[in-house]
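Use these hints to put chains B and C onto chain A, whose structure you have.
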Amino acid sequence: MSFLSDTTRREVFAVTFLTQVLNGLQLGSIYALVALGYTMVYGIILLLNFAHGDIIMVGAYISWIVMSRLGLSPVLAVILSVLGCTALGVLIDKVAYAPLREAPRLSILITAIGVSYFLENGSQLVFGADAKVVPNFTDLTTFQVGGMSFSFTAVLTIAVTVVSTIVLNLLVQKTKLGKAMRAVSEDMGAARLMGINVNTTISFTFAVGSALAGIGAVLYSMAYHQATPTMGIMLGTKAFVAAVLGGIGSIPGAVIGGLVVGFAEVAVSAIGLSVWQDAVVFLLLIIVLIVKPTGILGHPMTEKV
Amino acid sequence: MEDIDRTEEKRPTIKTGFGAGKGNAGGYRALPMPARYAINAVLVALFLIVGESMIGGGVVSRYQTTVLEQIGIYIIMAVSLNIATGYLGQLPLGHAGFMSVGGYACALFVMRNMDKFGLTFATMATPSLASVMLFALGLLFGGVCAAICGLIIGIPALRLKGDYLAIITLGFAEIIRVVMLNIDSVLGFELTGGAKGLTGIPSYTNFLNTFIVVAIVIFLIHTMMKSRHGRAIIAIRDNEIAAEASGVNTTYYKTLAFVASAFFAGIGGGLYAGCIGVMAPAKFGFMKSVEILVMVVLGGMGSMLGSVVSATVLTILPEALRAFSDYRMVVYSVVLILVMIFRPQGLFGSYDFSLSRVIERIMNHDYPWRKKPKDATGGEVSADVER
Amino acid sequence: MSNDRKRRPVLVQMETPNLIPERDLGKKPVLEAHDLGIDFGGLTAVDDFNIAMGRTEISGLIGPNGAGKTTIFNLLTNVYKPTRGTVLLDGYDTSGKSVVEVNKMGIARTFQNIRLFNKMTVEENVLVGLGNSMSTNLLTDVLRLPRHWKQEAEFHDRALDLLGIFDMQGLATTQAGNLPYGAQRRLEIIRALATNPKVLLLDEPAAGMNPNETDELMENIHKIRDDFHIAILLIEHDMSLVMGVCEVIGVLDYGKIIAKGTPEEIQSDPRVIEAYLGKQEVK
Numbered sequence: 001m002s003f004l005s006d007t008t009r010r011e012v013f014a015v016t017f018l019t020q021v022l023n024g025l026q027l028g029s030i031y032a033l034v035a036l037g038y039t040m041v042y043g044i045i046l047l048l049n050f051a052h053g054d055i056i057m058v059g060a061y062i063s064w065i066v067m068s069r070l071g072l073s074p075v076l077a078v079i080l081s082v083l084g085c086t087a088l089g090v091l092i093d094k095v096a097y098a099p100l101r102e103a104p105r106l107s108i109l110i111t112a113i114g115v116s117y118f119l120e121n122g123s124q125l126v127f128g129a130d131a132k133v134v135p136n137f138t139d140l141t142t143f144q145v146g147g148m149s150f151s152f153t154a155v156l157t158i159a160v161t162v163v164s165t166i167v168l169n170l171l172v173q174k175t176k177l178g179k180a181m182r183a184v185s186e187d188m189g190a191a192r193l194m195g196i197n198v199n200t201t202i203s204f205t206f207a208v209g210s211a212l213a214g215i216g217a218v219l220y221s222m223a224y225h226q227a228t229p230t231m232g233i234m235l236g237t238k239a240f241v242a243a244v245l246g247g248i249g250s251i252p253g254a255v256i257g258g259l260v261v262g263f264a265e266v267a268v269s270a271i272g273l274s275v276w277q278d279a280v281v282f283l284l285l286i287i288v289l290i291v292k293p294t295g296i297l298g299h300p301m302t303e304k305v
Numbered sequence: 306m307e308d309i310d311r312t313e314e315k316r317p318t319i320k321t322g323f324g325a326g327k328g329n330a331g332g333y334r335a336l337p338m339p340a341r342y343a344i345n346a347v348l349v350a351l352f353l354i355v356g357e358s359m360i361g362g363g364v365v366s367r368y369q370t371t372v373l374e375q376i377g378i379y380i381i382m383a384v385s386l387n388i389a390t391g392y393l394g395q396l397p398l399g400h401a402g403f404m405s406v407g408g409y410a411c412a413l414f415v416m417r418n419m420d421k422f423g424l425t426f427a428t429m430a431t432p433s434l435a436s437v438m439l440f441a442l443g444l445l446f447g448g449v450c451a452a453i454c455g456l457i458i459g460i461p462a463l464r465l466k467g468d469y470l471a472i473i474t475l476g477f478a479e480i481i482r483v484v485m486l487n488i489d490s491v492l493g494f495e496l497t498g499g500a501k502g503l504t505g506i507p508s509y510t511n512f513l514n515t516f517i518v519v520a521i522v523i524f525l526i527h528t529m530m531k532s533r534h535g536r537a538i539i540a541i542r543d544n545e546i547a548a549e550a551s552g553v554n555t556t557y558y559k560t561l562a563f564v565a566s567a568f569f570a571g572i573g574g575g576l577y578a579g580c581i582g583v584m585a586p587a588k589f590g591f592m593k594s595v596e597i598l599v600m601v602v603l604g605g606m607g608s609m610l611g612s613v614v615s616a617t618v619l620t621i622l623p624e625a626l627r628a629f630s631d632y633r634m635v636v637y638s639v640v641l642i643l644v645m646i647f648r649p650q651g652l653f654g655s656y657d658f659s660l661s662r663v664i665e666r667i668m669n670h671d672y673p674w675r676k677k678p679k680d681a682t683g684g685e686v687s688a689d690v691e692r
Numbered sequence: 693m694s695n696d697r698k699r700r701p702v703l704v705q706m707e708t709p710n711l712i713p714e715r716d717l718g719k720k721p722v723l724e725a726h727d728l729g730i731d732f733g734g735l736t737a738v739d740d741f742n743i744a745m746g747r748t749e750i751s752g753l754i755g756p757n758g759a760g761k762t763t764i765f766n767l768l769t770n771v772y773k774p775t776r777g778t779v780l781l782d783g784y785d786t787s788g789k790s791v792v793e794v795n796k797m798g799i800a801r802t803f804q805n806i807r808l809f810n811k812m813t814v815e816e817n818v819l820v821g822l823g824n825s826m827s828t829n830l831l832t833d834v835l836r837l838p839r840h841w842k843q844e845a846e847f848h849d850r851a852l853d854l855l856g857i858f859d860m861q862g863l864a865t866t867q868a869g870n871l872p873y874g875a876q877r878r879l880e881i882i883r884a885l886a887t888n889p890k891v892l893l894l895d896e897p898a899a900g901m902n903p904n905e906t907d908e909l910m911e912n913i914h915k916i917r918d919d920f921h922i923a924i925l926l927i928e929h930d931m932s933l934v935m936g937v938c939e940v941i942g943v944l945d946y947g948k949i950i951a952k953g954t955p956e957e958i959q960s961d962p963r964v965i966e967a968y969l970g971k972q973e974v975k
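From first to last, the protein sequence lines are chains A, B and C.
Straight run, no breaks: the first sequence in my numbering ends on number 305.
Straight run, no breaks: the second sequence in my numbering ends on number 692.
Straight run, no breaks: the third sequence in my numbering ends on number 975.
These are calculated hints, taken from the structure and not from any lab test.
Keep in mind that a hint or two might mislead.
Claimed, not checked - Keeping only pairs whose Cα atoms sit at most 27 Å apart, straight-line, the calculated DSSO-like set for lysine-lysine is:
1) Lys773(C) - Lys531(B)
2) Lys719(C) - Lys915(C)
3) Lys842(C) - Lys531(B)
4) Lys292(A) - Lys948(C)
5) Lys773(C) - Lys915(C)
6) Lys720(C) - Lys915(C)
7) Lys842(C) - Lys466(B)
In this text, all values refer to a predicted model and were calculated from it rather than measured experimentally.
With the rest of the complex left out, here is chain A (with noise of 0.2 Å):
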C-alpha cells in the first residue's frame, strides 16, 4: 500500500480495525446470548446442556422454513423461531432431563450428549446434510455514520444482546420467579421445603435459556444466512468454553466469556491465522481453568468435610 499516502493508511487501518472490532462484538454478543442459556441451565441443575447448541440450529431452520418455505414474513420467523427455541428447550427438559433429576450427574450428562445426537442426526435426515440458505430478514444491511459504513446486522446483534442481558438480569434478581431460580440453584432441597414448585422453575429457567438461544439463531442467521444440521456443535462448543471461561453460573460471566471467544477468535482470523482459530479458543479455555478454575467471575463451591 506504500502508493497511499500517510493519512489515506492510517484511516485504513483505523477503518479495518473499527470493523473487526464491531465483528469482534458481534461475534461475541452471539456466543453470549448462546452462553447465557448454558450458564442458567448449569446454574440451576448443574447440567452442561450439550443439546443446548443444537436448539440454535433447529431455530436457524425455523427462520429458513417459515422464509424460505413458507414465504411468510421475517418477523413471523422471528417470533416462531424463538418461541419454537423456546419450547423445543422446555419439551427436551420434560422428556429427557427431568426423569434424572436424582441420578448421577454422569447419566444426565450422556442423556443430554443423546438428545444432541438426536437432534443433528433427526436434522440430517429431514432437511439433508446440505446447507439451506437463510433469506435476509431485513434490506437494510449498513447504515453510515460520520462517513464509515457499519453494518446493520452486527449493530442489532450488540444492542440485542446488552437489552436481552439487562431484561435477564432484571427477571432474575427482581421478580419472584427469578428468586425461585436462585433459591433453587443454591439448595435444591431447601427450597422445595419453603414451598416452591422446583419443576416448574426448571422449566422456566430452560425457556428462558432455550429464547435466548432462539434470538441467538436469528442474530446468526442474520449475519451468515446458512442452516445446516452440524451447526449447533461448534457454536454450542465455544459457547460454552464462553460461559465456562467468563464463570459458569453467572450471568455477566457468560457475557463476557462471549465477549472473550468472540474477540479472540476475530482477532485470530486478522491476523490471518485462521485455521487456527479453533485452537486458540481452547487454548484460552485451557489457560483460565488452570490460572482461575472457576472461571473469571466464577465463584468456588466448597465441599464440606
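Below, chains B and C alone, put in the same frame as chain A:
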C-alpha cells in the same frame, strides 16, 4: 526433614491377637490363584484358535476380518477409557485425541523405520520376525506418545472437578485435532498429511496380533485394577477426601489412571492405523470420543465385561445396519437416552465377569436360586463381591 | 466395668496450659498445637487452640454443636490451612504439608459423616488404609510377580487381624455401603488404624450407638490404646463415653477452649455447664 522414616520406631506389628483367626468364614471353598489363571488362559486360547481357524479356512471374508479387528480396537478403546471413567470416576471427553496421537505416532514410526528392518510396504503386512518386532515397537511408541500427552493434559486437568475436567479434556482433544490438521504448514515438511491425512500405512494389523494385543491389554488393566494401585484409584472415586485422609496419594494415582488410560488408547490408535490404512484428523473429533464414551456407559462403567460386550455390539451394529444408515444414528441416540433414563448403570453395572468365580460358586453349590446357608455370625456365606 | 475408676490417671500440669498423663511425662508430646486459629472471611471459627498430647493419652473434645470441634480436626490434619498457629507432630511442624503427607507422618482420623469407600468391600477398605505399608511397585503388581502374591497374602492376614478388633472378619467380603450404621463407623476406625498412626482422631465414634455398643466401644478404645501404644483424641457428644474413657477433656465453645481438665473437674465447672445449658436464672 522431608522424609520421616517410620520404620525405625519399634511399633508392635498389627498382629495384636484381636483377630479370632483367618477369615475363611463358614468354610467357603475358593479356587487357588494358579487355577484361576489357567482357566482364563484356556478360555483366551480357545477364542484365538476358533478365530484363526475361521479366518484361515476362508469362512470369514476379508471385510469381516476387518470388522473383527475393529472390534478388538474398540474393545481396547472402551476398556482404556473405563480406567478413567469407571474406575477413577472422572469424565474425560477427549479420548479420541489419545487414539489419534497413538495412531499417527505408530504409523509414522513404522513407515519411517521399515527399511531399517529390511521391510517394505508389502512385507510389513506379512508375519515375520522383523515385522512383528517393528509392529510391537511401533505400538509401544504410539502408546508412549499418547501417554506423554496424557501426562501433559492430566497435570492441569486433574486439579479440576467433574464437569471442568470434562471441558478441559474436550478442549485438549480439539487442540490435538487442529494441530494434526495444520502442523505440516508450521513444520514446513509433510508429517501428518494435514486434512487429507496420513495415507499409505502398511496393513500391519491382522486378526491374530489384534487379538493378542487385546488379550494383553485386558490382562494388564485387570491386574492393575486388582492390586493396591487399583484399590487406590477406586478409593479416590468413591470418596476422594477419605482417600487422602487414609494416605492415598491422590495426585499420583489420578495421574496414573489418566496416563494409563491414554497409553492404552494410543495402542488402540496404533492398531487402528494399521487396520484402516489412513489416519485423518477429522475422524478423531468430539464425535469419536463420544462414541467410545457411549460404549463405556452402555456397557456399565467399571465393568470390563460390559465394555467388551458393548464395544463388540456397537462396532458390529453400524456395519450390520448399513442399509438403514440414515436412521441408524437417530435410533442410536434414542436408545442412548432411553438406557440412561431406565438403566443408568448400563448393561452390567459394575459387574465383572469371572469364569473362575462361576466355577467356585458351582463348587460351593452357591446358586442364585438356592437359599444361602448362614454362618456363625448370622451373616450370609458367599462372595457377593468379585474377588 | 464401664465406669472403671480404678485406672484414673494422674495428671500433671505442664508449663503450657496443658495437662498430660504422668506415665507419658518425659517423652515428647506426640501431638501439639500452639495458638492454633482459623478465620473464614470475617468469622473466627477457632481461636487460641492449644494442646499437648502424651504418647498414650486418650483425650476428649466436647462442646455445643457448631463450637468448632470438627474444624479443629480439619486443622490438625491440614484439611484446612490455619490462619495462625502451628501444629507439631512428634515435634515436627506440619505446616504446608498435604493431607496425605500428614497422614504419613502419623495422624489418622474418622469423619463425622461417615466416609467409607462404599463400592469396595470391607476388607478392601482396610487394605486401602494399609496401602502405605505396602512396598511393591507398579510393574511387580501388574506382572503378578511372586512378590505381589506374597504381599497380598501378608496384607490379607493383616487386614483380617485389624477387622478382628471389632470382630468383623466375617464381613470382610461385604460391600461397605451395605453395612449397618454402627458397623460402618467401626470400619472407619479400623481403616484409620490401618494407616499406622501415632495419633488417632475420632469424630463422634459413638454416634448412633446404643448403650451396649457404647460400652463395647469404650473397651475397644482402651484396648486399641494399650495394644497399639497410640494417643487418641475424640470428639463426642455421648457423655458416658467421654467421661468413661477420656483422661483429659477440653471444652470448646465458639471456637475457644473454655475449660480443660479431668472428667470430674469438667463436670463441675460452671463455665461448662453454662455453655451447654445457658446461663442459670438467678431465682
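_Hint numbers not upheld by this structure, sorted from lowest to highest_ = 1, 4, 5 and 7
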